[in-house]
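Those sequence lines, one after another, are chains Z, V and Y.
Quick note, in numbering that gives the first Met the number 0, the first sequence goes up one by one and the last residue is 301.
Quick note, in numbering that gives the first Met the number 0, the second sequence goes up one by one and the last residue is 345.
Quick note, in numbering that gives the first Met the number 0, the third sequence goes up one by one and the last residue is 343.
Simulated from the structure, these hints should not be mistaken for laboratory data.
Nothing false has been slipped in among the hints.
PhoX-like cross-link-like pairs, simulated, lysine-lysine; straight-line CA separation at most 20 Å:
hint : chain 1 : residue 1 : chain 2 : residue 2
1    : V       : 25        : V       : 46
2    : V       : 247       : V       : 182
3    : V       : 345       : Z       : 247
4    : Z       : 58        : V       : 345
5    : V       : 278       : V       : 46
6    : V       : 201       : V       : 345
7    : Z       : 190       : Z       : 219
8    : V       : 201       : Z       : 247
9    : Z       : 292       : Z       : 219
If you're wondering where the values come from, they're calculated on a predicted model, not measured in any experiment.
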Amino acid sequence: MSTAASVAGRRRAGLAAPAILCIAFFMGGPMCIMVFVSLVERAPDGGVIWGNFTTDAYKQFLFEENLLGETTLNADYLRIYLRSALLAGFTVLATLIVGFPTAMYIAMQHPRRRALLIFFLSLPFWVNLLVRNYAWLLLLRANGLLDQAAMALRLTSEPLNILYSNTAIAIGLTYSFLPLMVLPIYAAMEKFDFSLVEAAFDLGASRWQALMHVIVPGVKGGIVAGCLLVFIPGLGSYVTPVLLGGSKSLMIGNLIETQFAAARNWPFGAALAFVLLMMVMAAALLRAALLRKSRRAKSSNP
Amino acid sequence: MKLRTIASAALAALLGAGAALAEEEKQVNLFFWPSYIPDELLERFTKETGIAITMDIYDTNEALLAKLQAGAAGYDVVIPSGYIVPTMIQAGLLQKFDAPSLPNGGNIAPGFADPEFDPGRQYTAPYMWGTTGLVYDSAGTDVELPESWSVFFEPGPLSGKVAALDDEVEVFNAAAYYLGIDKCTEDPREGQQILDLLSAQKPHLLLYGSSGTIDRVLAGEVTMHHIWNGAAHRVRKARDTARYIYPKEGITQWADNLAIPTGAEHPENAKIFIDFLMKPENVAEITNFTGYMNAISGSEPYLTPEIAADPAVNMPAEYADRLRPGRECSPAARDLRNRIWTRLKK
Amino acid sequence: MGFLEVEAVSHQYAGTDAQVLNEVSLTIQENEFFTLLGPSGCGKTTMLRILAGFEVPSRGRVTLDGQDILRIPPWRRPVNTVFQSYALFPHLTILRNVTFGLKMRGVAKADRHGAARRALDLVRLDGFADRMPSDLSGGQQQRVALARALACQPRLLLLDEPLSALDYKLRKEMQGELKRIQRETGTSFVFVTHDQEEALAMSDRIAVMRQGTLEQVGNPSDIYDRPSSDFVAEFIGDSNLLNAAPDSQGRLCLPGGRALGIRGDAPARVMIRPEALRIAPDGNLSGQVTDLVYSGAATRFLVALDGGEETVQIQQTSTEAAGISMGDKVCLAYDPQQLWVVAP
Ligand SMILES: Nc1ncnc2c1ncn2[C@@H]1O[C@H](COP(=O)(O)OP(=O)(O)OP(=O)(O)O)[C@@H](O)[C@H]1O
Ligand SMILES: [Mg+2]
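Work the whole structure out from these sequences, hints included.
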């Protein structure tokens, strides 16, 4: 019995080995290189000096030398990271508020209609992100379509000046990432047994109570997955802040790009990318912790 | 090596443009900026020489440098800007081919035959060149503006109707010219002055943006745009009230160059291609397409009248002393610049 | 006027053209154990859904205690349901499932827990409070669903085949328990089943449904002994239905001419239950055994009556049946009082 099990286990491991090796090589490899580059000395003209190890890149993240040659705290990069995180967090919130009802609406349609709606929802994904952002640029810019519509409806007499602001970034990111929120929630909703909602109504739950006590816990996996799927690319968002935000404030993505471009400081760029990776990992760990907590809550005394 | 180069160049010349060396397949791989050469010209090259062309696209010199440093092989012709050429030569990324020795090598215009970044044109041949100045729509200002960066950094009534390029180097350089500071300064105090100027300017800018510049001016989103002169030319084509400024404090001149990477698989074909692009009628076609000036003598007769007549492209001679060639700064200067840029946008 | 009045309710699901319920009228009394019985697809669940508030009937009126409830949303009706598919909340423990209804109504935590423990005791699942629904067997889940509905102390409890997933023994036990709970709590039960034996054993009254209409409503012995139609007679237990016609003296006779022993003045369908027939040498009817099935306590025979056409079933205790085999000629006796004219 035990030997049979171990044979099966070994066979499984053997069959999975190529896939695992591929993942280790093509995902782990570049990541190791990134960490390595962040830990060596930069070459004067870009590139790095392999073998000269230093943690300068990480020091640069937090400290700078002032005019007198003293090392002082430099919060510029932290601020940029914080801004990116806030923006990503806001995007998660906005896509959740818009995406949850959307997913629920779709899940409650007739199956044939559902497929059609999902198709429409994912249509924008067929268009390049850059092009989609340009579309918003045309919509939002001064005297653009939105302004014209608002003025035609006599809602305003002046241009709204939405473009090149945080509002424009928020609109662009919410729009871009909405499908990433809707699809996992929809997938969870589709599996969700809506007769449970009737059971909740039967037991005296109002619509709101049924939503909060039955539907939300029932599709929690989808919600968490959606939040993560939006948060991670939101953190690294690059095109939207540049095009719709007028590039007045750097995001992590832009900052990293300048290190490999104009500044030609590869180790610092790699270090910045590594810090970003750590933030993403933290988000993933938080998710795991949340799931674990809810499982514990399930199996413990209420 | 040198012998072989000369021999093969001679052979290529002998057999006419159509024949490359027998051992080289009839293929040349370009690594180019986007929309920087007309397709018709490429087709004509293939028709005339029988050499097929493939093209990959990059969008910054740094991306090119990084790619070659990382060992990307297979590209035969690349197109680095002047300022980055010394770095690439030093890093051994380019091979010598002695541009003046090619059949059309004698056409290189005098001002471009012996640049600081590649004395004697051993590693590069000139391609397009241009300037980074300002364009404004005089219909939106009522008056002609002075030829100075002051209108950009202290826009007064144009506040909120001005856009800067989203380009660390260009923005920093413009500020340095205006303040009379060396653009490769390593002095933090000077850096602070530049930061102060840029920070004071920022609230008056509608945005920093490098793409869609032409459209932005034409749509009336901004009245003044920090701009590359080829784009300015297109603005002027669509709007005859548009004016291009060569500021008296100095204006960056950039010059792109054709070069052959060390790892090129078809260096002979690359030379045939580069030579093709030094023929006046061919390069004029590129100027007509891109709106950027070339550096080949004898191309003027082939230029369209609107290009020949546009001072934004065909610079009047009196501005020649305002040109400041792009330069590669030291790592310390680059760090300072990047810190200022980051702080400006923190 | 009854506690629950269903008046001429008809229902058609949106987007379909089939009439699922057709002019159904019912009256249910307080503290009554009322059963809806009928074949699959006849509209039993639909009826319950209308009572619970998940469907609004196309036509008709429903009042509870004199109050029109069709306008009241399900969460405000004093009605709870034990669902055919249990519908337990998979993310909540058994205890939280059972306290759910009370929590929604804002009952204090200590009180809810007390009520939930009592409800779980009632269905004999007191040790299971902290388990998850997925850890329970189908029968246990059904009992949790029952406890969950009972914990709300509804005035009307709707049960949609609540015992179908239980094994025979547990089912028998739970039938008794349900009866006991219903009596103790004084709640009106509307119980849906398609198991006629269960219906007969538990109900105060039974409504037999057929394709959206009510065939007959009555107490179990009405339904069993005095069915109003062939359909009821055949659906409830086994029955023999014989065509009979009056002779010149007004006696109902079989087509072969043999008199049944009751009177009538028109052709009729006459029912007699298999257990009312017995094999006896002086029997009124005679025939030949064509089939026999032994089933423990009893043996069933099929007897082809002399004179053709009719075949009847009879049921005998196994001792009575000893010594009779296929092909034997037998005579059948019965008490004429056990004959029932179904449709005059
Ligand atoms: N949501 C619905 N939409 C359309 N038709 C439905 C719907 N639900 C049920 N029906 C139809 O209504 C009829 C009655 O269904 P119902 O579920 O009430 O039967 P039931 O008596 O409970 O059957 P069972 O004993 O199999 O549970 C069936 O023909 C069914 O197909
Ligand atoms: Mg049913």
